[in-house]
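Novice: Now for the letters of each chain:
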Amino acid sequence: MAVKEKVDNKEKIVSRDFKEYIREPNPDVGLDETIKRLTPEKIEKTIKAVIGRLSARIKAVIETCIHCGLCSEACHWYLSNDKDPTYAPVAKMRMTIWEMLKRDGKVDAEFIKQCARIVFTECNLCHRCSMYCPYGLDITFIIGMVRRICFLLGVVPQRQMDQDQAHIATLNQVWMSQNDWLDTMQWQEEEIGAEFKDLRIPIDKEGAEVMWLPLGAEPKTGTYHIERTAKIMLVAGVNWTVPGKDVWDSSNMPMFIRDLVTMQRIVRGLFENAARLRIKKLVLTE
Amino acid sequence: MYDFIKDPTLYNLVKGPLVWIAFIVFIGGSIYRLYSFINLAKKDKTIMPFISLKYTLRSLFHWLIPFNSVNWRRRPVITITTFLFHIGLVFTPIFLLSHNILWRESWGITWWTIPEDLADIITLVVIFCCVFFFLRRILAPEVKFVTFSSDYLVLFISFAPFMTGFLAYHQLLLSHKTMVILHILFGEIMLIAIPFTRLAHMFYFFLTRSFMGSQFALWHSRDW
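Going down the list, the protein sequences come from chains C and E. Residue numbering for the first sequence follows our numbering, starting at 1 and increasing by one per position. Residue numbering for the second sequence follows our numbering, starting at 1 and increasing by one per position.
Be aware that one or more of the hints could be misleading.
What the hints assert, rightly or not - Each computed BS3-like pair below joins lysine-lysine, with the alpha-carbon atoms no more than 27 Å apart:
#  : chain 1 : residue 1 : chain 2 : residue 2
1  : E       : Lys42     : C       : Lys59
2  : C       : Lys48     : E       : Lys42
3  : C       : Lys281    : C       : Lys205
4  : C       : Lys220    : C       : Lys231
5  : E       : Lys45     : C       : Lys45
6  : C       : Lys12     : C       : Lys83
7  : E       : Lys43     : C       : Lys48
8  : E       : Lys144    : C       : Lys12
9  : C       : Lys205    : C       : Lys231
10 : C       : Lys59     : E       : Lys144
11 : C       : Lys102    : E       : Lys144
To be verified - Covered stretches of chain E, going by a simulated chain C footprint (3 or more residues, C-beta under 8 Å):
#  : region
12 : 42–56
13 : 67–76
14 : 201–209
By construction, these hints were calculated from the structure, which means they are not laboratory data. Just so it is clear, CB atoms sit at the ideal spot from N, CA and C, and this is done for glycine as well.
The following block holds chain C by itself, in its conformation from the complex:
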């Protein structure tokens, strides 16, 4: 993204490596500042550590893909950008992992920044391309792996890194302490008490049928969701509970930037909560 050019009177950036890749500038501290810390050795080491000796899942994609472009119409990024070929799923692999493999990991910081822009801001990991690929290749897995490389190098859009750090520190994405969480639940129970006589929000109820796990934003900014969930559970007659200990936030943001350690801490925490209370089903907000 080194060359700046005026296209249609609007400033656009033409990629140095791929002249077809033209985008509007999108300044982000998480990308622009972090690439200054990178050295070629660091990049090469990280790429080789992640890709390593090609595993079966990467090999299947690299050695089977016949470059037919049939995956492109699956991608909503491609469709909503006037069928710009650089938004096609296969093009995203071509501009990131194929190039890394071709150059044997010897790429520069500018290239990593471009990769980060492609994998973080132009793909939602929705798996639709695998539905359209005649071979059913797991393109999403490859994009996720490039995200992992970018994450290990610290080149992640600031907003996403911020959410990840919230998860690292508090195991939820809204910096909520355990006190705040319990307090919110009890306060909500009180609030609805005026409307429903028997309504309870059971915390840490052992042997309940269902454990409800909200998204971080619900106790923080969308408390009416808690109220509604409680009403639904009451009317449906479900024997339910919410966890009284961390982890309760089911929005696993670290998964999206492939911070595997934090991702595992969250999933493990959710299941340990369920096992501790002998829960039969987990119900997650979406």
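Dock chain E against chain C, hints included.
Specialist: The following block gives chain E in isolation, referenced to the frame of chain C:
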């Protein structure tokens, strides 16, 4: 083989020892590639536990029949070309009369053959499909962006035996014997190339479909 020892001409070379080499490399190479790939897959904890035969067959059923999956229906032209191309590519060489005669001469075995006129038409169809794929690589922007010289090479490897076979049958362009030598040579190159280029999708197709079919079944979603 004996012909080549008695009379070491180029024709006897491509007709004798090189055929042996081509078939040994093709069969041996394919078995080796499949074996090492499945072994590699076993090392990955996220593949084998999810593979299910039922969903593999379901996935293959939807993708091996034309217009039986969403993307095949959305792209009718490509569906028709790709199915004609692959059926012609795999079955014409096996059931061609002249190839059958060669089998009978050397091993004394024969099987069904297709009429010569039909074989001629199928060959032309395969050639036109190759031209279509070539034009698509040049003209369709989403394909052009991901096209490398290896893609043209792979296309040429599958195109050349059919083109030379057609020219040899009609005795066009070069002398019949030269054309036949070229035809056999390109056929052998194709056989050798299958396990070691992306033509390996011939058998990887079944493995990748098996994986994705099973994965999507796990997510209670369709993969077609």
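Novice: Evaluate each hint against the coordinates.
Specialist: Hint-by-hint comparison with the structure:
Taking the CA atoms of Lys42 of chain E and Lys59 of chain C, the gap is about 13 Å. The hint holds against a cut of 27 Å. A hinted pair counts as satisfied when its Cα atoms are at most 27 Å apart, and Lys48 of chain C with Lys42 of chain E qualifies at roughly 22 Å. Taken as a hint, the Lys281 of chain C and Lys205 of chain C pair is honoured in the structure, with Cα atoms around 13 Å apart against an allowance of 27 Å. Between the alpha carbons of Lys220 of chain C and Lys231 of chain C the distance comes to roughly 19 Å, so the proposed pair stays at or under 27 Å and holds.
In summary, the hint linking Lys45 of chain E to Lys45 of chain C is supported, as the alpha carbons are separated by about 24 Å, within the 27 Å threshold. In summary, the hint linking Lys12 of chain C to Lys83 of chain C is supported, as the alpha carbons are separated by about 18 Å, within the 27 Å threshold. Restraint check for Lys43 of chain E and Lys48 of chain C: satisfied, since their Cα atoms lie roughly 19 Å apart, inside the 27 Å limit. The hinted pair formed by Lys144 of chain E and Lys12 of chain C meets the criterion: a straight-line CA distance of about 23 Å does not exceed 27 Å.
For a cut-off of 27 Å, the pair hint linking Lys205 of chain C to Lys231 of chain C stands: about 17 Å separates their Cα positions. Of the pairs offered as hints, the one joining Lys59 of chain C and Lys144 of chain E holds, with about 23 Å between alpha carbons and a cut-off of 27 Å not exceeded. Annotation: proposed proximity of Lys102 of chain C to Lys144 of chain E holds, straight-line Cα distance about 18 Å (limit 27 Å). Counting residues of the region 42–56 of chain E whose CB lies closer than 8 Å to any CB of chain C gives 4, so the stated coverage by that chain holds, three being the minimum.
For the region 67–76 of chain E, the stated coverage by chain C holds: 4 residues have a C-beta nearer than 8 Å to a C-beta of that chain, and at least 3 were required. Proximity of the region 201–209 of chain E to chain C, defined as three or more residues with a beta carbon under 8 Å from a beta carbon of that chain, is established by the 6 residues found.
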